[in-house]
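Quick note, the sequences are listed as chains A and B, same order.
Following the numbering used here from start to finish, the first sequence increments by one per residue and tops out at 103.
Following the numbering used here from start to finish, the second sequence increments by one per residue and tops out at 103.
Simulated from the structure, these hints should not be mistaken for lab results.
Treat each hint with caution, since some may be false.
Claimed, not checked - Result set (DSS-like, lysine-lysine): computed pairs, CA atoms no more than 30 Å apart in a straight line:
id, chain 1, residue 1, chain 2, residue 2
1, A, LYS95, B, LYS57
2, A, LYS(-6), B, LYS67
3, A, LYS32, A, LYS47
4, A, LYS(-6), A, LYS98
5, B, LYS57, A, LYS8
6, A, LYS98, B, LYS57
7, A, LYS(-6), A, LYS59
8, A, LYS32, A, LYS59
9, A, LYS95, B, LYS13
10, A, LYS98, A, LYS47
11, A, LYS(-6), A, LYS32
12, A, LYS47, A, LYS59
13, A, LYS102, A, LYS8
14, A, LYS59, B, LYS57
15, B, LYS67, A, LYS95
16, A, LYS32, A, LYS98
17, A, LYS95, A, LYS47
18, B, LYS57, B, LYS67
19, A, LYS8, A, LYS59
20, A, LYS102, A, LYS59
21, A, LYS(-6), B, LYS57
22, A, LYS8, A, LYS95
23, A, LYS95, A, LYS32
24, B, LYS57, B, LYS13
What follows is each chain in one-letter form.
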Amino acid sequence: ELKVEQNPLFLSMQEGKNYTIYCNYSTTSDRLYWYRQDPGKSLESLFVLLSNGAVKQEGRLMASLDTKARLSTLHITAAVHDLSATYFCAVSYGGSQGNLIFGKGTKLSVKP
Amino acid sequence: DAGVIQSPRHEVTEMGQEVTLRCKPISGHDYLFWYRQTMMRGLELLIYFNNNVPIDDSGMPEDRFSAKMPNASFSTLKIQPSEPRDSAVYFCASSPSGIGLIQYFGAGTRLSVL
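Construct the complete structure from the given sequences, taking the supplied hints into account.
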């Protein structure tokens, strides 16, 4: 059974600081996604990572994937308040488009 | 495109009543997914369809839950009878075919069963 673990689950940081969210998964997968969810809102796609060593960046967020270590990271550079949200990683399994397992999410709070 | 459209946005019902949640996927998307989100269990896949055919319903918690997709532009998730432990936010998502393509989520239906 595929398990996806994120840490930390809660993260409070000051504006301007850097931090990394980690996503570990337990079995081989060919796709990993990062989503953002604002309170009371839907999930918004941030990144999809398809291969070992893949790195994608959008603004202050950068995601990477190490399939050998079964680890993805979401790095936040010079955080701003607008980045406050819950971030989920999701991993596919079974070779099917449909089977995504989500992590518990990391609730990020950026304070001035 | 209007995105994935779910209705209703909020539903409050009493235990034992039938509840029907509705979803209109993005036009042209071949896949449709139903998820449930709770504080305790996080985000769980309930069922998904490909070209209107249910592919995997192993996440459906009990026989009280059923889902249909009569055509490419409409799906329902029904709970009958509803129970308080069904209270959650239910999301519908759709995706085009192909490896690595993103699932686009609707706004969700917040269900409260009293």
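Outcome of the hint check:
| no. | hint | result |
| --- | --- | --- |
| 1 | A:LYS95 - B:LYS57 | 28 Å, holds |
| 2 | A:LYS(-6) - B:LYS67 | 28 Å, holds |
| 3 | A:LYS32 - A:LYS47 | 24 Å, holds |
| 4 | A:LYS(-6) - A:LYS98 | 19 Å, holds |
| 5 | B:LYS57 - A:LYS8 | 47 Å, violated |
| 6 | A:LYS98 - B:LYS57 | 34 Å, violated |
| 7 | A:LYS(-6) - A:LYS59 | 16 Å, holds |
| 8 | A:LYS32 - A:LYS59 | 34 Å, violated |
| 9 | A:LYS95 - B:LYS13 | 27 Å, holds |
| 10 | A:LYS98 - A:LYS47 | 21 Å, holds |
| 11 | A:LYS(-6) - A:LYS32 | 25 Å, holds |
| 12 | A:LYS47 - A:LYS59 | 18 Å, holds |
| 13 | A:LYS102 - A:LYS8 | 10 Å, holds |
| 14 | A:LYS59 - B:LYS57 | 39 Å, violated |
| 15 | B:LYS67 - A:LYS95 | 26 Å, holds |
| 16 | A:LYS32 - A:LYS98 | 14 Å, holds |
| 17 | A:LYS95 - A:LYS47 | 22 Å, holds |
| 18 | B:LYS57 - B:LYS67 | 8 Å, holds |
| 19 | A:LYS8 - A:LYS59 | 29 Å, holds |
| 20 | A:LYS102 - A:LYS59 | 35 Å, violated |
| 21 | A:LYS(-6) - B:LYS57 | 28 Å, holds |
| 22 | A:LYS8 - A:LYS95 | 24 Å, holds |
| 23 | A:LYS95 - A:LYS32 | 16 Å, holds |
| 24 | B:LYS57 - B:LYS13 | 12 Å, holds |
The structure fails hints 5, 6, 8, 14, 20 (numbered hints given earlier, in ascending order).
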